[in-house]
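Novice: Note that full-length UniProt numbering has the sequence shown beginning at 1, numbered continuously upward.
Think of the hints as simulated: they come from the structure by calculation, not from any bench. Using N, Cα and C, we set each Cβ at its ideal position, and we do this for glycine too. Treat each hint with caution, since some may be false.
Unchecked claim - Calculated lysine-lysine pairs in the DSS-like style (CA-CA distance at most 25 Å, straight line):
#1 55 to 117
#2 117 to 28
#3 55 to 28
Claimed, not checked - Simulated restraints, written as ranges between beta carbons of each label pair:
#4 57 to 98: 45 to 53 Å
#5 113 to 12: 17 to 25 Å
#6 89 to 36: 19 to 27 Å
#7 129 to 73: 37 to 45 Å
#8 61 to 103: 15 to 23 Å
#9 125 to 88: 16 to 24 Å
#10 34 to 102: 36 to 44 Å
#11 24 to 78: 45 to 53 Å
#12 94 to 73: 20 to 28 Å
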Amino acid sequence: MLSHILNRQDEREAFSDVADSQNTLAIKFRVTRCVDENENEALYQRFVLRRFVDKDREITVWKASIVGDGEYRGMQMDQIGWSVLRPLREGTLAEVCVRQVPLHLRSAEEVSQPTAKRFHDFVQDMVRENSEEVTAMAKVYCLRTP
């Protein structure tokens with residue numbers, strides 16, 4: 001579903017030469033947001049996902065690397081996660097686990113605490129927006145699927 005997220009189109013590149021392209025996704029894109037009238041901030045994300053389908057569940061595993069640009073250059077957040085969807089009589093059970101690890105490619109002394117906090121907040125906002133978009137798409141999909 002993440003491949004269809006329309007709010008992530010900046011400098012988007014999808015890699016189609018992957019094994020089992022029906023269940024594998026590899027993309028990269030840029031996320032920008034306006035800080036004020038004269039300033040934007042940006043992140044780059046590389047994202048790889050693999051889906052496995054069993055008779056009674058669907059498992060998705062992913063890895064993402066989120067790298068800062070501009071003021072955030074040298075800052076990075078790595079994310080790994082998995083989700084399991086299981087059908088129930090009354091709906092679908094979704095289990096999700098995500099681990100985020102902040103990395104600073106520059107010396108820690110070079111990154112001010114306020115800058116690190118803004119980077120962290122930007123990443124969390126982006127992750128939250130992606131999650132909301134995927135959840136909304138999944139709900140629509142579940143309503144269409146008998």
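Novice: Honestly, do residue 125 and residue 88 meet the 16 to 24 Å range at C-beta?
Specialist: 32 Å, violated
Novice: CA of residue 55 to CA of residue 117, is that 25 Å or under?
Specialist: 43 Å, violated
Novice: Could one say that the CB atoms of residue 57 and residue 98 fall in the range 45 to 53 Å?
Specialist: 18 Å, violated
Novice: Using the C-beta atoms of residue 113 and residue 12, is the stated range 17 to 25 Å upheld?
Specialist: 32 Å, violated
Novice: Does the alpha-carbon distance linking residue 117 and residue 28 stay inside the 25 Å limit?
Specialist: 24 Å, holds
Novice: Does the Cβ distance between residue 24 and residue 78 fall inside 45 to 53 Å?
Specialist: Between residue 24 and residue 78, where Cβ atoms are some 19 Å apart, the hint is violated.
Novice: Using the Cβ atoms, figure out if residue 34 sits within 36 to 44 Å of residue 102.
Specialist: 24 Å, violated
Novice: Range hint 19 to 27 Å: satisfied by the CB atoms of residue 89 and residue 36?
Specialist: 51 Å, violated
Novice: Between residue 61 and residue 103, is the Cβ distance one that fits in 15 to 23 Å?
Specialist: 20 Å, holds
Novice: Can you tell me whether the CB distance of residue 129 to residue 73 sits inside 37 to 45 Å?
Specialist: The hint (37 to 45 Å, Cβ to Cβ) is violated, given that residue 129 and residue 73 are roughly 22 Å apart.
Novice: Has the given pair, residue 55 with residue 28, been kept, meaning a C-alpha gap of at most 25 Å?
Specialist: 31 Å, violated
Novice: Mind checking the hinted window 20 to 28 Å against the Cβ distance between residue 94 and residue 73?
Specialist: 36 Å, violated
Consistency with the previously given hints fails for numbers 1, 3, 4, 5, 6, 7, 9, 10, 11, 12, ordered from lowest to highest.
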